[in-house]
Amino acid sequence: MISSSEDPTLVRAAGFTYFPIALVARIPYAMMVVGVLTLVVSARGSLGLGGLTSAMVGLGTALCAPLVGAAADRWGQRLVVLVVGLASTVTLLAMAWVAYSPLPDWAVLVSALLIGACTPQIPPMSRTRLVSIILRRLPEARRNRTLSRTMAYESAADEMTFVFGPVIVGLLAALVSPAAPVVAAALLTVVFVTAFALHGSVREVAPSASDRDSAAPVRELFRGSLVTVLVGALGIGLLFGAVLTSLTSFMTDAGHAESAGLAYGVMGIGSAVFALAAGLFPERFSLWARWLIFAALMVAGAVVLPFVTGLVGMIAALALLGIGLGPTLVTVFSLVSARSPRGRAATAMTVATTGIVVGQSAASALVGQIGERLGTGPALLAPALAASVVLVAAVVNWRRGDSHSLGHD
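Each residue of the sequence shown is one higher than the last, beginning at 218 in the working numbering.
Derived from the structure by calculation, the hints contain no laboratory data.
Be aware that a few hints might be false.
[As the list claims (entries may be wrong)] Ranges of calculated distance between the beta carbons of each label pair, as one might list FRET restraints: (1) V529 x W323: 39 to 47 angstroms; (2) H473 x A423: 47 to 55 angstroms; (3) V393 x S503: 43 to 51 angstroms.
Bear in mind the structure is a predicted one, so any value in this text is a computation, not a measurement.
Glycine included, every Cβ here is placed at the ideal spot set by N, Cα and C.
Put together the whole structure using the sequences plus the hints.
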């Protein structure tokens, strides 16, 4: 019989402190966009500048996140996360000063761009680290099931931090000062991102000289099977942005603008719960089937939105969206893991996460303009279009007939 030391669980292999550290380390990113918006609107008295500043955070992330992932693949997570985490702390503290300084507005925008550029990218780093531990340390018979449950947990963790991150921002801004959320994000970064970088589990993804030499060429990231999944991730980001922005317009019309975040939380919490439930799906429930079925549920929930007339109906539609969204998110990241080119796992995971961020930022900007110029009705059509992108990618994935296992190509 194999002893527990020879046949470890994922928690034992990663270390008992890994999961709480990795969970808290991703909270600063969930606070950044809303925290910067709150700070700039208060300090500069301009909602327009605040929105533009938040967009600059997203732009900085989109430009630099894939480079951070590529650097981690080449030089290892420890060095890259330490450097980027320190830079993130400095840029966040700088923003807290620049916002109230006499410097012109362009300095605020540059600070926001640097905040996005220096984001430590903990979620894709954590996924990459855990996948490596599973493939190296766990027996082959348990790998597929453990990978599925791990992706379910990671997706649920992302959902919960993005639900509660804005809540933390609101509480700190109301009880302390508008600068408090940004300063708190900086402190959490310097403590927990550093702890994540130094955690012993980082040795599992430390590249050797042979790993660097045998890494697949960058062009492998543009294979059709992987691009299909990345388009799905982009569609999920489009859905996030379209739902939040159109929901804000709907709640404003109803006279409850301040409750938009709470209503949005219904989708987020539902998504997190069903993301965790996805880890219990049997292996015979293939990834291509999961993506098709739950993307169709997303479309069903989104199609209802333009016809909703009251808050109860809106919450019901958002709940249906959440049921479809959680398992879809898990499936997309499972497929990214399975199809990552050799030696490019962190890069592929980071590109997928960046796709979600880019989609969310683009949809927020576009749907915001639609809502302001054409009204809430047209804005509520946008989530259905975004969900359709995810469903079309699922259909393409099914028609391609690629490998649907959780193992690597």
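V393 paired with S503, Cβ distance criterion 43 to 51 angstroms: About 49 angstroms separates the Cβ atoms of V393 and S503, which means 43 to 51 angstroms holds.
Whether the CB-CB distance between V529 and W323 falls inside 39 to 47 angstroms: holds (45 angstroms)
Assessment of proposed distance window 47 to 55 angstroms (beta carbons of H473, A423): Given range 47 to 55 angstroms: holds, Cβ gap about 51 angstroms.
Of the numbered hints stated above, none is contradicted by the structure.
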